[in-house]
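J.: Spelled out, the chains give:
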Amino acid sequence: MKSGDDTCPPAGPADFCLSCLLGGAALLLAIVASFAWLDIDFTALATRESAAAMGDFVASFFPPDLAPDFLRKVALGSVQTFAVAAVGTLLAAALGMLVALPAAGRLGAPARALARFALNLLRSVPELVWATLMVLAAGLGPFAGTLALMLHTIGVLGRLFAEAIENAPPAPESSLREAGGGGTVAFVYGTLPLVWPQVIAYSLYRLEMNIRMAAVLGFVGAGGLGQMLYFHLSIFQQAQAATVLMAMLLLVLVVDSLSHLVRGRLAG
Amino acid sequence: MNVAAIDAAAALPLRDPDARRRLGGALLAIVLLWPLLQLAEFRPAALLDASNLRVIGNFLAGFLPPATDAEFLGLLVRATLETLAIATAGITLALFLAAPLAVVATRALSVSAIGPGPGRWRGQALRAACRAILTVLRAIPEIVWALMFVRVLGLGPAAGVLALAITYGGMLGKVYTEILESTDTRPARALLAAGSGRLAALAYGLVPNAAQELTSYTVYRWECAVRASVIMGFVGAGGLGQLMDQSMKMLNGGEASSILLVFLLLVLLADAISAVLRRALA
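These protein sequences, in sequence, are chains A and B.
Residue numbers for the first sequence follow this note's numbering, so the first one is 28 and each next one is one higher.
Residue numbers for the second sequence follow this note's numbering, so the first one is 2 and each next one is one higher.
Read the hints as simulated data drawn from the structure, not as lab findings.
On a predicted model such as this, the values are computed, not experimentally measured, just so you know.
Glycine is no exception: its CB is placed at the ideal position from the N, C-alpha and C atoms.
Careful: at least some of the hints might be erroneous.
As the list claims (entries may be wrong) - Computed footprint of chain B on chain A; a stretch qualifies when at least three of its residues, placed anywhere within it, have a C-beta under 8 Å from a C-beta of chain B:
#, region
1, 78 to 86
2, 158 to 172
3, 250 to 259
Pulled out of the complex, with its shape left as it was, chain A reads as follows (with noise of 0.2 Å):
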């Protein structure tokens, strides 16, 4: 429907689309033979014995485990899910600025295709998949999980201040370098000023999303509330569990919160 129209179109046969109508057909037979290879007995989910099963799990979660000791436990792995994802995302920031430098194009054309490439390949390995690499070269723990969300957020960044480093206004820059300064200074003083409040925003941004992939990476034993909540799930201390769950639940909220006040202040 455009929005410009006078006069409405005649509706009937005029309205007939074979494309609509094939891409419908498709997007159904996706549908169902998607259901079909999976062939989940969806039935057998909704008996009552299994629904009961279910119901008995559920209650298991409750009451959750509030012993002072647990808490105390529980608030040091919420305090080091925090951590891990701190430090690997100022190190990733840290790293992805030098790559961005070759990826903007500072060093040659060779430089920054290899550079480009470099960071999508360390973008499109998912972190969890990185943790478990991790985990074999660096052992079990949040160290792991610290290299694993290193790793991925330098590709996301890098990229990012590749393109914010590429669309800065050259006129501070080049002033400097005609004034005699050199390459680093001019870098220095008259681009990365500019770019600095979107280094910022982006970080923190990444700094907010890798609070919540911190809090899972630990289920392949990458350390802080994941590992935990692993651990106590499968010696099937559900109370435990539960406290784990409530812990991550108020971190994410708060996580949001704060960003929310954070964005606002940056936004005014």
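Chain B: place on chain A using the hints.
T.: Coordinates of chain B only, in the frame set by chain A:
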């Protein structure tokens, strides 16, 4: 400015007028960073540890050549199709969850918003309740849902489909609500004011304007679901991720590299399909 003045200026040492503040900031950052580094057990030396080096070295050395025997490739193709099927089935179920909740939650179909009418508080409470449900659904990451469902339903794709349905139901519902509210709501208001029902106002007043944006966002979410279903495999929810997890646990580098390549191709393919579909819709 004469030559002597220029010489005098050049002789002055270069100094940063803001040096003291920068130094203070850097010191403060280090003081704050130290406990974080301790908590994250930041020990780069662990990377150079002899036993770790041997494990990762052997594993990475196995990456070349990627495994290509017929039996493994058969498994790989099945796992890839399973991943795509999990994403598609999950999004379909999420749609059934999201669409009704979004229709109830959106302010664009509020009769009392047109003018003060009876049942205003009831309507507001209902919408707030639906919004709260949507928030709860998407607050827990899909991989956590998958981990829990695997405990109840056992290993396999059912856990992944349900986890996607719940989280993506919440995300789609929230965004649908916002899309319906941000399009031109005047046709729907006119219909409601003229006495039509809410569903008719939705179908003839809102959907024609918003359909393209709604579909485009759904396609984008499908692309994300493909990625997510691979990730969820790591906790046992089927598909490529489960296969990758098994290969990595057995330190089989050749299989891991084949799966990683297929995963990268799959993500590129999903990207391309989604881009083509969205361009066709625009």
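J.: Each hint: holds or not?
T.: How the hints compare with the structure:
For the region 78 to 86 of chain A, the proposed coverage by chain B is satisfied: 3 residues have a C-beta within less than 8 Å of a C-beta in that chain, meeting the threshold of three. Proximity of the region 158 to 172 of chain A to chain B, defined as three or more residues with a beta carbon under 8 Å from a beta carbon of that chain, is established by the 10 residues found. Here the region 250 to 259 of chain A counts 3 residues with a CB under 8 Å from a CB of chain B, which clears the bar of 3, and the coverage holds.
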